[in-house]
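Keeping their order, the protein sequence lines are chains A, B, C and D. At position 107 of the first sequence the residue is numbered 107 (the working numbering), and the sequence of numbers has no breaks. In short: position in the second sequence from 1, add 1000, done, that's the working numbering. In short: position in the third sequence from 1, add 2000, done, that's the working numbering. In short: position in the fourth sequence from 1, add 3000, done, that's the working numbering.
By construction, these hints were calculated from the structure, which means they are not laboratory data. In this text the structure is predicted, and so the values were computed from the model without any measurement. Hints may contain errors.
Think about it this way: if two alpha-carbon atoms lie no more than 25 Å apart in a straight line, the pair counts; the simulated PhoX-like pairs of lysine-lysine are [claimed, not checked]:
#1 B:Lys1004 <-> B:Lys1167
#2 D:Lys3167 <-> A:Lys4
#3 D:Lys3167 <-> A:Lys167
#4 B:Lys1167 <-> C:Lys2167
#5 B:Lys1004 <-> C:Lys2167
Chain B side only, calculated, beta carbon under 8 Å to chain A, not exhaustive [to be verified]:
#6 Ala1078
#7 Lys1111
#8 Thr1196
#9 Asn1199
We treat Cβ as the ideally placed atom computed from N, Cα and C, and that holds for glycine.
Number of protein chains: 4
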Amino acid sequence: MTSKQANLEAKRIVGIAAAGEVEDGMAVGLGTGSTANYAIIRIGERIREEEIAVVGVPTSYQSAIRARAAGIRVADLADYPELDLTIDGADQVDAAFNVIKGGGAAHTREKCVADASTRILIVVDVTKVADRLHMPVPVEVVPYAATGVARHVGRLGGDAVIREGVKKDGPVITDNGNFILDCAFGTIEDPENLETSLNTIPGVLTSGLFTEYAEKMTVMVGGDGSYRILTRSDRVPSR
Amino acid sequence: MTSKQANLEAKRIVGIAAAGEVEDGMAVGLGTGSTANYAIIRIGERIREEEIAVVGVPTSYQSAIRARAAGIRVADLADYPELDLTIDGADQVDAAFNVIKGGGAAHTREKCVADASTRILIVVDVTKVADRLHMPVPVEVVPYAATGVARHVGRLGGDAVIREGVKKDGPVITDNGNFILDCAFGTIEDPENLETSLNTIPGVLTSGLFTEYAEKMTVMVGGDGSYRILTRSDRVPSR
Amino acid sequence: MTSKQANLEAKRIVGIAAAGEVEDGMAVGLGTGSTANYAIIRIGERIREEEIAVVGVPTSYQSAIRARAAGIRVADLADYPELDLTIDGADQVDAAFNVIKGGGAAHTREKCVADASTRILIVVDVTKVADRLHMPVPVEVVPYAATGVARHVGRLGGDAVIREGVKKDGPVITDNGNFILDCAFGTIEDPENLETSLNTIPGVLTSGLFTEYAEKMTVMVGGDGSYRILTRSDRVPSR
Amino acid sequence: MTSKQANLEAKRIVGIAAAGEVEDGMAVGLGTGSTANYAIIRIGERIREEEIAVVGVPTSYQSAIRARAAGIRVADLADYPELDLTIDGADQVDAAFNVIKGGGAAHTREKCVADASTRILIVVDVTKVADRLHMPVPVEVVPYAATGVARHVGRLGGDAVIREGVKKDGPVITDNGNFILDCAFGTIEDPENLETSLNTIPGVLTSGLFTEYAEKMTVMVGGDGSYRILTRSDRVPSR
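Produce the entire structure from the sequences given, and follow the hints as far as they go.
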């Protein structure tokens, strides 16, 4: 098995495991991306096999399309302002359960759904786990503000690059009509503080830093044909 | 002269006075709304009369349309990331120069432009000046998040109402494609803290509270056929 | 009863009558505006009173919000690509059942839903019925194209005005993020041809002319405490 | 030189040649994509070298960013409703100068600019020239309408697929906030008729078929270290 195959297999295993946490009658936030999609497919199977009633609240056009394809009834946050559970991937998770999301440009709606959920399952393969966050932070900004936000990010010690599309010329546009700035800060010393700083820049909609939800979060890590539940440290290790 | 006529006359006087601050070679942020529009018209006249070169950076479709009609060359924040001056109205200004904006649903771009400016002229009629802010705060939110944001606003002690359109059925949609929640908090005890709290709610783009720019702000107040420059207090009066 | 009260009463009567056409198990397109809203409220009542199962597909943020408030389960066109029935208002209906819509800026989604429906109930008060269409035609355009579309409309013999907001400065923005041009053509000689001409202008999303759906359309006209079913002429009267 | 290098070299040569057609005082529509970008860079050089005054009207966020980087003054169609020249790429050109565009998801604004131009230079490498159009036609649609439009395309004999993003999960979103449906029709017998048919589907903003502009179009084809001007046939060859 190649490394890429192993990675896909890890995502599949952990996605399926997370789908096992869904119970009859639940309203479930449906994350975006490849790992969340394995969970979506499995929830659909369980709805048919076990005849459970589950409503899914998608976090993107992608997860809405996939939920429909999987046979999950789709609803809106306005229909279910409180969700029992959200299953979502992540780009990086640290030891204290601070998370970077937004590689798929869907983190604004993902944060809304996480915020509305009683419990959050973060499903990742082992490559996403790190002692401290060091990936670039995706920040969703209105196009009008891109230049100004990039300057603010610079003042915060970061380096902001507009994410470019691949099957679309020019900047990636989010489901909300905005740009993504990928903001490299190196190792992030104080994620909570950085999240607040990013939020207060004019023209920023949402950063991909999730630092508020560690207490209701379970992190499931796939790898080597199985998965494990990550134990949360009280704090990230000092350097 | 009726009260409404007097009000319009106050706006006109202060708008024209602000336009007098524009100098040859400046890049100027152009606010949105009736008072800012008097400034826009007058800047256009000065460009023709005095042959000065001025570039305007609009804060809305409205101010772009009006600037073109006035003969001002229009550019983008990406062209002029640093502005010499911004002229803009406000819905309420307190004694310490905290400001509420967003009655015209344009406050996100207005905040970006204010942020990019060396100097800000706030042009208001006398009815907008208050010791302490007590108007509802307009908050721009992605439609997906409206229900969740309203709940957060409730936890902050406010009451959020989706602003309804008049010549459009249903919610007002902003130039950025979002909703406006008008959030009534009564008298606002700590505007700076409230601005930060609103910014950190998932799905909030920008609140209409401007608390960061008092030091570079001049407040010009029209009324009774003339205008005056407001003196800033170090702090808002305690109750 | 004043004229305005009579008008509201006519809308209420015809909206309620249309709701009576909904049957158990139907997927129903829910129009936007005051008349459609009376139908939405009544459908909600019938769901509770008669325990019928009805799914509503809204045509706007407004009708989604109102359907939820009325207790109707809301779904998407992607969930129900074929609808049994749509109930919607109109700004003007001619003798051959050509319709002008878009006074509420919701006509793009309304046309999608009408197109997907087996049967369309148009609910209007008597002031909306005319031998020939002569109201301005609302046309939804991307903001980038507004100037160019206005010129094309001029070449077609019309006069285009950007619709201005009331509780929002500058142009009305639709739920899709676009402008509305209200295009006055006087009496419209050939609605079908005009609809095609408008559709082919670059930057036009949808015109408010509906000329394709007469055969599946029932027009219900409220007035004088009751309603009547309008009889369709084969053709509009010649002048 | 590999085939890919030869292709890039062809794009570069023809882009530079097109930039040579720009004259002092012109307002120029700036297309989107790799070939148009070579023209943009060269126009910027000419502005500096020859001190000519040129204003560029971009057709996308991408071409606006690139024009600024190249030192071209950027304006809006509202500033210049009539353009002297547009330089743009294409995905396929037939013998009668019908064109398919939209590979970069920018064809709506590109069509607006083409429409506003006195003269259009289409710059392509030789692989884009065909006797008859047979590439899938990109169609920009509002997300709400995607399912319904796909059904209509099926009735027209086509096969519609939602374009998926690469550095964004789920559908590509255009600069206007919409989806792209790539619609395969095989060889297109009657491009003009198909363009009209696509335009009249509810929820369609713009198709990537350009059939109206052949008379004002010059097609410049790069390859083998030089370029040639394509001669237009009166009609596409019959099969």
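We went through each hint and held it up to the structure:
no. : hint                    : in the structure
1   : B:Lys1004 <-> B:Lys1167 : holds (23 Å)
2   : D:Lys3167 <-> A:Lys4    : holds (18 Å)
3   : D:Lys3167 <-> A:Lys167  : holds (9 Å)
4   : B:Lys1167 <-> C:Lys2167 : holds (9 Å)
5   : B:Lys1004 <-> C:Lys2167 : holds (18 Å)
6   : Ala1078                 : holds (5 Å)
7   : Lys1111                 : holds (4 Å)
8   : Thr1196                 : holds (6 Å)
9   : Asn1199                 : holds (5 Å)
Of the numbered hints given earlier, the model fails none.
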